[in-house]
Structures are given as structure tokens and as C-alpha cells.
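Visitor: Listed below are the residues making up each chain.
Protein chains: 2
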Amino acid sequence: MEFSEHIKTANVEDVVLRQPFHPPARGTLCITGHHLLFSDREEGSFGQVLLLLRNIDAIEKRISGSSGTITIKCKDLCVLQLDIPGMEQCLNIAHSIEILSSLDHVSEMYPFFYRPAHLSLEDQWGLSTPERHYAQMEELHEKWRLSHVNRDYSVCPSYPPAVIVPKAIDDDQLARVAKFRQGGRFPVLCYYHRKNGMVIMRSSQPLQGANRKRCREDELVLQAVMDGSDKGYIIDTRSSQQAQQARMTGGGFESKSSYNCWKRLHRQMERGKALQESLIKLVEACGDQSHNMDRWLSKLENSKWLSHVQTALSTAGLLAECVERDGHSVLVHGSEGTDSTLLVSTLAQLIMDPSCRTLEGFLALLEREWVQAGHQFQLRCAHSAYSHARLQQEAPMFLLLLDCVWQLWHQFPLALGFSEALLLRLATEAYASNYGTFLCNSDQERCAEGVKEKTHCLFQALLRPRERDRYSNPLYEPTELAIWPSVHPQSLQLWRGFFLRWTSEARHLEEAQEEIRNMVIEWSKLTC
Amino acid sequence: MEFSEHIKTANVEDVVLRQPFHPPARGTLCITGHHLLFSDREEGSFGQVLLLLRNIDAIEKRISGSSGTITIKCKDLCVLQLDIPGMEQCLNIAHSIEILSSLDHVSEMYPFFYRPAHLSLEDQWGLSTPERHYAQMEELHEKWRLSHVNRDYSVCPSYPPAVIVPKAIDDDQLARVAKFRQGGRFPVLCYYHRKNGMVIMRSSQPLQGANRKRCREDELVLQAVMDGSDKGYIIDTRSSQQAQQARMTGGGFESKSSYNCWKRLHRQMERGKALQESLIKLVEACGDQSHNMDRWLSKLENSKWLSHVQTALSTAGLLAECVERDGHSVLVHGSEGTDSTLLVSTLAQLIMDPSCRTLEGFLALLEREWVQAGHQFQLRCAHSAYSHARLQQEAPMFLLLLDCVWQLWHQFPLALGFSEALLLRLATEAYASNYGTFLCNSDQERCAEGVKEKTHCLFQALLRPRERDRYSNPLYEPTELAIWPSVHPQSLQLWRGFFLRWTSEARHLEEAQEEIRNMVIEWSKLTC
Chain A
357 MEFSEHIKTA NVEDVVLRQP FHPPARGTLC ITGHHLLFSD REEGSFGQVL
407 LLLRNIDAIE KRISGSSGTI TIKCKDLCVL QLDIPGMEQC LNIAHSIEIL
457 SSLDHVSEMY PFFYRPAHLS LEDQWGLSTP ERHYAQMEEL HEKWRLSHVN
507 RDYSVCPSYP PAVIVPKAID DDQLARVAKF RQGGRFPVLC YYHRKNGMVI
557 MRSSQPLQGA NRKRCREDEL VLQAVMDGSD KGYIIDTRSS QQAQQARMTG
607 GGFESKSSYN CWKRLHRQME RGKALQESLI KLVEACGDQS HNMDRWLSKL
657 ENSKWLSHVQ TALSTAGLLA ECVERDGHSV LVHGSEGTDS TLLVSTLAQL
707 IMDPSCRTLE GFLALLEREW VQAGHQFQLR CAHSAYSHAR LQQEAPMFLL
757 LLDCVWQLWH QFPLALGFSE ALLLRLATEA YASNYGTFLC NSDQERCAEG
807 VKEKTHCLFQ ALLRPRERDR YSNPLYEPTE LAIWPSVHPQ SLQLWRGFFL
857 RWTSEARHLE EAQEEIRNMV IEWSKLTC
Chain B
357 MEFSEHIKTA NVEDVVLRQP FHPPARGTLC ITGHHLLFSD REEGSFGQVL
407 LLLRNIDAIE KRISGSSGTI TIKCKDLCVL QLDIPGMEQC LNIAHSIEIL
457 SSLDHVSEMY PFFYRPAHLS LEDQWGLSTP ERHYAQMEEL HEKWRLSHVN
507 RDYSVCPSYP PAVIVPKAID DDQLARVAKF RQGGRFPVLC YYHRKNGMVI
557 MRSSQPLQGA NRKRCREDEL VLQAVMDGSD KGYIIDTRSS QQAQQARMTG
607 GGFESKSSYN CWKRLHRQME RGKALQESLI KLVEACGDQS HNMDRWLSKL
657 ENSKWLSHVQ TALSTAGLLA ECVERDGHSV LVHGSEGTDS TLLVSTLAQL
707 IMDPSCRTLE GFLALLEREW VQAGHQFQLR CAHSAYSHAR LQQEAPMFLL
757 LLDCVWQLWH QFPLALGFSE ALLLRLATEA YASNYGTFLC NSDQERCAEG
807 VKEKTHCLFQ ALLRPRERDR YSNPLYEPTE LAIWPSVHPQ SLQLWRGFFL
857 RWTSEARHLE EAQEEIRNMV IEWSKLTC
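Here the protein sequences come in this chain order: A and B.
Each residue of the first sequence is one higher than the one before, starting from 357 at the first, in this note's numbering.
Each residue of the second sequence is one higher than the one before, starting from 357 at the first, in this note's numbering.
It is possible that some hints are incorrect.
Since copy identity is lost for identical chains, a pair holds within one copy or between any two.
To be verified - Once the Cα atoms are required to be at most 35 Å apart in a straight line, the calculated DSBU-like pairs of lysine-lysine come out as:
#1 K417 to K499
#2 K808 to K364
#3 K629 to K655
#4 K417 to K612
#5 K587 to K417
#6 K655 to K637
#7 K523 to K417
#8 K499 to K637
#9 K637 to K535
#10 K499 to K587
#11 K417 to K569
#12 K655 to K535
Everything labelled a hint here was simulated from the structure, so no lab data went into it.
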């Protein structure tokens with residue numbers, strides 16, 4: 357596709373830009389294949405705004421007389437307004453934005469064109485691989501092996517080519533287990549708890565169906581995990597009723613009779629459309645301009661977002677308790693195993709494992725549990741809270757994760773090595789990015805599109821020295837202890853830094869963070 | 357009164373104490389005239405808890421078999437539990453607590469007995485006096501004078517002996533104005549805005565009554581303030597309807613015809629019983645142990661506390677706008693002029709005046725606007741949120757002030773020179789204290805009781821070097837600008853540090869504050 361065919365008007369003079377925290381500015385608007393560029397006439401090249409078109413969630417145009425106004429609502433929740441002289445110009449710009457902000461083909465997206473001087477496509481893509489991850493965990497090697505059964509993605513399209521599985525199970529058996537699990541997502545190891553040797557595994561639901569089908573190999577996998585321990589837990593992120601109903605459509609659960617050492621715990625977690633609607637309601641509430649306190653609190657309640665945060669954190673807490681406190685291994689899944697499953701397993705690892713709480717450790721965790729593990733970023737993050745194009749696959753699962761991590765960060769201000777700014781950056785990048793990390797829905801798709809060869813990696817970029825400073829927590833004091841979040845409703849708060857980031861209040865808090873950061877930098881200079 | 361006659365059992369062995377953040381401890385309980393003392397047997401003298409009986413808001417006793425349990429609910433919202441062997445002992449202890457925690461006579465209270473080695477009764481009591489305050493503000497002297505018309509408290513029992521009034525009005529006139537204002541609270545200056553010479557005055561309502569009485573001298577006072585300016589504002593902290601109704605009981609408002617240069621603005625602020633009930637509901641909600649997010653948010657809404665915070669801050673913002681932005685002088689009052697009036701005038705000064713935002717400046721502001729200006733601490737803070745003794749005069753007006761100041765502090769983390777710890781300390785001290793500062797209801801009462809001779813002053817104590825460290829804001833960066841609070845409901849938050857201070861979450865936040873503080877101290881050592 358030639359982007360230029362969608363750009364009838366590439367430049368408009370005398371445009372007025374209104375954006376949060378700035379007085380209105382008059383200047384020139386340019387539209388390119390991937391960006392809106394606004395140059396403030398008065399201040400020369402310094403007053404520029406560069407907006408990735410992909411970041412635009414919705415636009416509204418209003419023509420009055422010979423000029424028009426375009427309101428741009430971004431996926432990062434920022435709202436801008438452009439007053440454009442000339443009706444035709446306004447309509448042309450609006451049309452270009454509409455088309456170019458929702459390009460379908462991955463290879464047309466900006467990460468394939470982003471070539472900053474300081475990054476090279478020769479740089480390592482990603483922080484680690486399943487192979488390296490396995491190699492580093494020697495204590496695993498006795499009982500767990502790296503399987504390449506999925507090397508060509510034929511056994512499980514959403515898994516990476518290599519996964520960690522019990523040594524006792526061979527690849528043929530795994531292939532049969534994959535047939536018994538939705539989307540081929542057979543149980544794989546995602547976390548090994550060094551303190552007691554217990555593990556977290558994750559998978560999708562078993563394809564038990566109405567006639568209660570069994571799979572001997574699937575049962576063997578779970579038996580192999582037990583290994584002397586008397587009991588394991590299966591945390592099903594659906595209610596017991598939902599799990600029962602899933603059998604009608606070919607899914608199901610691990611019945612007690614077939615998996616007698618495993619105890620199922622059901623925790624219903626919202627996903628999909630309900631979660632998307634919760635986000636939309638919350639953002640609408642945050643933008644409510646009325647000064648009515650009751651109305652705000654009741655809209656906040658009505659959005660249910662904080663309830664979803666609470667459920668996610670308490671399910672993750674339950675999982676961590678099973679592993680750390682009670683000393684049992686756990687298998688987590690819901691239906692597909694690519695949404696709430698990943699949410700819970702990620703949070704549980706943050707709760708238990710200090711090595712996941714450093715800046716690198718956290719990014720590596722996201723890479724393993726979300727990027728490599730097959731969260732469908734492209735589908736889930738296609739739109740944010742403003743879009744009127746209600747597709748069916750959107751769900752702010754990753755944003756919910758970041759919110760939950762923020763709650764941990766807020767409750768344990770010293771225990772996490774990264775800053776709130778990192779969480780905000782990730783929340784933005786997941787929806788629109790210069791980098792290839794959150795493109796596509798699986799490792800297979802990323803390989804097919806050549807993402808790893810033709811784009812830069814966000815996680816690598818975030819670890820470069822200058823960025824690292826910004827994204828580290830100046831107050832970080834590592835602790836070996838588990839950080840058990842309080843999930844009392846009183847303890848959970850709206851993530852104002854994100855949901856109200858375009859209000860003035862958030863800016864003052866940023867100032868304070870900046871102040872603390874500067875102090876620490878000065879301090880470390882003095883003590884060096 | 358002899359305290360000992362109320363103490364039938366002074367010591368009990370083998371008592372189990374349960375308190376937040378600590379494992380249950382077994383030890384000895386002693387009761388004295390003013391304290392509960394618990395000594396942890398195992399740890400010797402280190403495991404001691406000393407609780408001021410005055411801090412106890414309510415107790416509940418439960419006898420089962422030969423032992424009993426006393427639940428102690430403190431005014432600072434802490435809840436303790438004592439398991440006491442022996443039914444009679446338990447009843448005796450409970451009885452002593454009930455009597456001794458609610459002593460009526462000021463002279464029996466602990467501040468009259470508190471004699472720490474590091475403080476002397478010879479030390480200056482209080483930070484300043486109206487005389488010194490006036491002397492320091494030379495720019496006032498041309499048009500304002502210090503009046504001693506109230507030197508023996510006969511003109512206005514709730515005012516200090518000296519107040520600042522327009523030079524054009526003599527003491528005889530003031531005495532006549534006092535007769536026209538409820539409780540004798542004639543208009544006095546409380547703030548002079550250096551930038552433009554405008555002032556804030558405060559008073560009580562005029563005693564207009566049903567027959568629309570006028571007072572020539574009262575009108576003259578307000579005319580004298582105008583002095584060339586074309587308009588002043590009267591901010592009435594009641595609704596227009598409430599002000600009208602007040603005429604039926606002898607009160608009223610400044611009618612347009614008699615005060616034609618003054619424009620009345622009505623802002624209804626809750627006070628008295630409604631505010632007390634709001635606090636009770638909020639504290640009940642905070643203690644709700646159910647894990648239901650919706651329930652919590654709807655209880656929070658239902659308590660209306662945050663609405664009261666919003667109203668107070670927005671009324672103060674309005675007042676500051678009149679003075680700073682529009683350049684007009686303002687008179688504030690409601691009915692008595694000792695509650696919401698003080699709340700609004702204090703907050704407006706914090707918003708506008710940088711000198712009120714230092715640690716000393718803030719304490720001096722509280723001294724002027726609350727202690728000297730006659731807020732009835734003894735009546736208003738007799739009980740907190742747990743007491744079943746529903747007296748009619750309680751109202752958490754001062755706590756509401758501290759909450760509003762916290763909102764400012766939270767929105768402008770660099771602009772205030774004091775820490776959240778100071779606000780928490782003041783919230784505790786207002787209800788139960790070793791110091792005499794918050795005793796009595798007026799300067800007159802404090803003189804009659806000899807408070808200034810026989811007790812120590814809290815504000816002085818808070819400024820001693822060690823305390824000062826703890827109560828300073830390590831991130832403080834003075835600004836000359838006004839700090840305009842956002843009063844959007846989305847910007848106002850529950851003051852978790854106070855209302856949830858006995859939950860684990862609050863402790864982690866304290867840790868972070870401590871960390872920042874230590875860093876700053878280390879840093880200043882290194883740079884000295």
C-alpha cells in the first residue's frame with residue numbers, strides 16, 4: 357500500500373492545536389504515513405508535536421462554515437483538538453487519520469519504518485529466549501526438560517518453539533496432550549519456586565466436552581509434576597458453573613476422578629467484552645466534568661474496574677499462597693489460557709520472586725509471560741476506551757496487569773526496582789509503538805512477519821542507560837520476602853497516574869517523583 | 357477529685373494485648389489516673405504500651421466464664437483488645453477506663469500533670485500573640501490598629517484580648533458592633549494580602565432578626581475596609597435559604613440595602629451533627645471487613661466525607677480567587693463564626709500565602725485561626741467516631757481542615773514545608789494530648805484554667821530540633837505562587853494515611869517517606 361494515496365492534504369497552515377497543559381498554539385499541521393506533525397510557527401522547530409497515528413483511537417469532526425474542528429482521542433487517553441481552516445482540508449485530514457490510524461497489515465506499521473540512529477537492527481531482539489531461560493535455571497534440569505516439539509508451531513500455534521515440560525513426558529506424548537487442550541496449549545512450566553521446588557504451570561482448558569473425554573497423556577503430565585508431593589492445585593479462572601458450561605462447547609475442566617491428586621479452585625475473572633466495557637465506563641467517568649462527588653464515586657463503582665483489579669490480585673495472591681505458604685505446585689488456566697491465565701501467573705511471580713522485581717527482571721517476565729506466551733496484543737489492544745468501532749476481540753488485559761502491578765508498587769514503594777513511569781510507558785506502547793515488541797498475536801506471527809529482523813525491541817531500548825535512569829525506582833531496596841498485596845477494597849486505589857494522567861494533579865506528582873529521582877542521582881554522585 | 361477512688365484494680369497480670377501490627381502479647385496491665393500501661397512480660401521494659409486514657413473514645417466489654425475481653429476504640433481510630441483473666445478485674449478495669457477517659461474538668465486532664473525533663477513551664481507558651489503578629493506586619497499599620505477593647509473578654513468571650521480592626525473605628529464603636537454580632541464576634545482582620553493590600557476578615561452572623569435590625573457601626577466597619585475599592589465580598593458559609601431562616605432565631609445576613617458595596621456569596625457548608633455523622637459513617641466504612649469493592653465505594657460515597665472536603669476546598673478557593681485574582685477584600689462568616697468560617701479562612705491563607713506553608717508558618721496559622729480565634733476544641737473534639745455518647749456539640753471540623761490540608765499537600769507535594777506526619781500528629785493531639793494547646797474552648801477559658809502557666813505548648817514542642825526533622829517535608833521547595841487546589845471529584849482522595857492508618861498499607865507508605873527523609877538528611881550532611 358502506498359500511504360500517499362490516503363493523503364490528499366499533506367500540509368495545512370494556520371491550524372490551532374489545543375492539548376492538555378499547553379496554551380492553544382497556532383502552526384502548521386503535516387500528515388505523513390504514520391504521524392501527525394504539528395509545528396508551532398512562533399517558536400520555530402522547538403514547538404513540535406509528533407503524534408503516532410496508530411495512537412489515535414477515535415476522531416470527531418465538526419464543520420462550521422468554512423472551517424472545521426477535529427477532536428482526536430488517543431489510545432493513551434490524551435485528547436487533542438485541531439481547528440483547521442478550510443472545510444475540504446479538514447475533511448481530508450480527518451479522512452487520512454481515519455484510514456492511516458487503523459492499518460491492518462502488520463508490515464505497514466511504523467515499527468517497520470522506525471530507524472533511529474542509536475539503535476541497530478543487528479542488536480539482539482528480546483531479552484532472552486526459552487532456551488537461555490532454561491539454561492539459567494540449573495536446579496530445574498533434573499526433572500524438567502526443554503522440548504522443541506513446537507519448533508515449527510504445528511503443535512501449538514500460540515506457543516514459542518521451545519517450552520519447559522516434565523522430563524518424564526516425551527514429545528509424542530506432548531503432541532497428544534496438545535490435542536486435548538484448547539489451541540494446543542498443553543501444560544508448560546512458567547515458574548519454579550527455588551525455596552521449595554514447587555512450580556507454576558499454565559495451559560488452556562482441557563477439551564473434555566459433553567461426553568467427558570479423558571486424555572491419558574494429559575493426566576500423566578500432571579502426575580509427573582506431582583513427584584512425591586501429595587497434592588497440587590488447579591486454579592481455574594472461571595467460576596465452577598462457567599467451567600461446567602464450557603463442556604457444552606467442547607471445553608471443560610480437570611475432573612476429580614481423572615486427576616485425583618489435584619484440587620480445583622475456581623475464581624471467576626472477567627475478560628473480553630466485559631473488561632473492555634469496564635474500561636470504557638471508567639474512562640468516561642474520569643472525563644466527567646461535573647463537580648459532583650457522589651456522581652463520580654458512583655460512576656467509579658459502576659465501572660467495576662477496581663473490582664477487576666481486586667479479583668486479579670486476590671487470585672494471584674491465592675496462587676502465591678498455594679506455592680509459597682502451602683508448598684504445592686499449581687496449574688493455572690481459564691479457557692484459552694492467553695488472558696487471565698497470564699495475568700494471574702505474572703502477578704504471582706511478582707509477589708513471590710524478587711528476581712522479577714528488578715527493572716530487567718520485570719521486563720523479562722513480561723517477555724516470557726505475555727509476548728512469548730502468546731497474549732494476542734494485536735487483537736486485544738487494537739482499540740482503547742474511545743473507539744466507536746466495537747470489535748469483539750479487544751480487552752484491556754495487559755492494562756489490567758499494569759494496573760495491578762501499580763497497586764503492588766503503590767503498596768510496596770521500596771520493593772520494586774522500576775518506576776511508575778515504566779508502567780505508564782508500557783501502557784502506551786502496548787497500544788501504539790515505535791517498536792515491534794507488542795506487534796502480532798504470537799511468536800509464530802512475529803516470525804512470519806520478520807518482526808525480529810525488521811523492527812527494534814522495546815525492552816532492549818528501555819534498558820539503555822538514559823532510559824534506565826528514568827524507569828528505575830530511586831527508592832528500590834530489594835527484599836527476598838514475598839510481597840503480599842492487601843486486597844481489601846480500602847487498600848486498592850484508582851491508578852490516577854494513568855487514568856487521570858492528562859489532568860494537572862498528575863503533573864504535580866510527577867514533579868515530586870522527579871525531585872526524588874534527582875536527589876538520588878545527586879546523592880549517588882556524591883557517595884561514589 | 358482523687359483518681360484513685362476510681363481505680364479498684366490497678367494491676368492485672370497475665371493480660372493479653374492485641375493491637376495492629378503486633379502479634380498478641382502477654383503481660384501486666386496497670387491503670388493510673390491518666391494512662392493504661394501494658395508491660396510485655398517476655399521482653400522486659402521494652403515491650404511497653406502507654407495509652408492516654410483521654411484517647412479512648414469507646415470501650416466494649418465481653419465477659420465469658422471467669423475472664424473478660426475489653427475492646428478499646430481510640431479517638432485516633434486505633435482499636436486494641438485486652439483479654440483479662442478474672443471477671444471482677446475485667447469489670448473494674450472497664451469501669452475505671454469509662455470514668456477516667458471522660459474527665460470533665462480541664463484541670464484534671466493530663467496536660468496539667470505532664471512534666472517531661474526536656475521542657476520547662478518557663479518556656480514561652482504559644483508561638484506568637486496578636487500583639488506580635490500585628491507588630492510584624494508594618495504595612496498594615498497605616499489603616500489597621502490593634503484594639504484591646506476585649507482585654508477582659510467582656511466584649512467577645514471567644515476572642516483573644518487583642519484583635520486587629522480598621523483604624524477608623526474606635527473601641528466604643530467596636531463594642532456596639534459586638535452587640536450586633538452573634539457571640540460578640542465583630543469583624544476582625546485575619547489576613548492581609550501583601551500583593552494587593554486586600555484583606556480577609558471574619559466574624560459571626562449579624563443579629564438582624566425578623567425585623568431586619570441594622571447597626572450603623574457595623575456598616576461603618578465594613579465601609580472602613582472598602583477604602584477606595586469599589587466592591588467587597590461577603591462569603592456566607594450557609595445557603596441563602598439558611599441565612600434567611602436564621603433571621604427567625606435572631607440571626608441574619610448583611611442585606612444589600614444596608615451594605616451596598618458588599619456582594620454576598622452563599623456556599624453551604626456542613627457543620628455540627630451532620631459532619632460528625634459523616635465521620636462516623638466514613639470510619640465505619642473504613643473498618644468494613646467484607647471484601648466487596650462495590651460496597652466499599654458505595655459506603656464511601658454514602659458517608660459524604662469527600663463531598664465535605666470538596667466543598668471546603670472549593671469555598672476556600674473561591675475566597676482566594678476574590679482576594680488574589682479579583683483584588684477584593686472579603687468578610688467570611690456562617691452563624692457562630694467559630695467553625696466553617698475558620699476552616700475557609702485558614703485554607704485560603706494556605707492557598708495564597710507562602711509564609712503559611714512553612715512548618716512554623718502553618719503552626720502559627722493554626723494558633724491564630726483556631727486556638728486564639730476561639731474554635732471550641734473541648735466541645736468539638738470531646739469524642740471521635742466510635743463513641744456511643746452522642747453529645748450534640750461534637751464536630752470534626754479541625755479534622756476536616758487537616759484532611760483538606762492533606763489534599764493540598766498531596767496535590768502540591770513540593771509546596772508545603774511540613775510532612776503528612778505532622779497532620780497525623782495534629783489529628784491525634786486535637787483529641788487527646790500531653791499538651792495544653794487544644795484544651796478549653798477559648799482564650800478566656802485557657803486563662804481561667806491557667807493553661808498557659810501549668811501546661812506545655814504543643815506547637816513549641818513540635819519545633820524542637822528532633823521533632824522538626826520528623827515534621828518537615830524533605831521535598832519542600834518554597835514557591836511564591838498561589839497553590840490552587842483542583843476540586844474535581846476525581847482529584848480528591850480519601851486520606852488513607854489517617855483513615856486507614858492502622859492497616860498494613862499505610863505502614864509501607866510510611867517506610868517510603870522515611871526512606872526519602874533519610875536520603876535527604878544524608879544528602880544534606882554530604883553537601884554541608
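Visitor: Each hint: holds or not?
Guide: Evaluation of the provided hints:
| no. | hint | result |
| --- | --- | --- |
| 1 | K417 to K499 | neither (61 Å within a copy, 58 Å between copies) |
| 2 | K808 to K364 | within (33 Å within a copy, 81 Å between copies) |
| 3 | K629 to K655 | both (19 Å within a copy, 28 Å between copies) |
| 4 | K417 to K612 | neither (58 Å within a copy, 48 Å between copies) |
| 5 | K587 to K417 | neither (60 Å within a copy, 44 Å between copies) |
| 6 | K655 to K637 | both (8 Å within a copy, 20 Å between copies) |
| 7 | K523 to K417 | neither (60 Å within a copy, 61 Å between copies) |
| 8 | K499 to K637 | neither (47 Å within a copy, 56 Å between copies) |
| 9 | K637 to K535 | neither (39 Å within a copy, 56 Å between copies) |
| 10 | K499 to K587 | within (18 Å within a copy, 85 Å between copies) |
| 11 | K417 to K569 | neither (55 Å within a copy, 59 Å between copies) |
| 12 | K655 to K535 | neither (44 Å within a copy, 49 Å between copies) |
Hint compliance for this structure: hints 1, 4, 5, 7, 8, 9, 11 and 12 are broken, all remaining hints hold.
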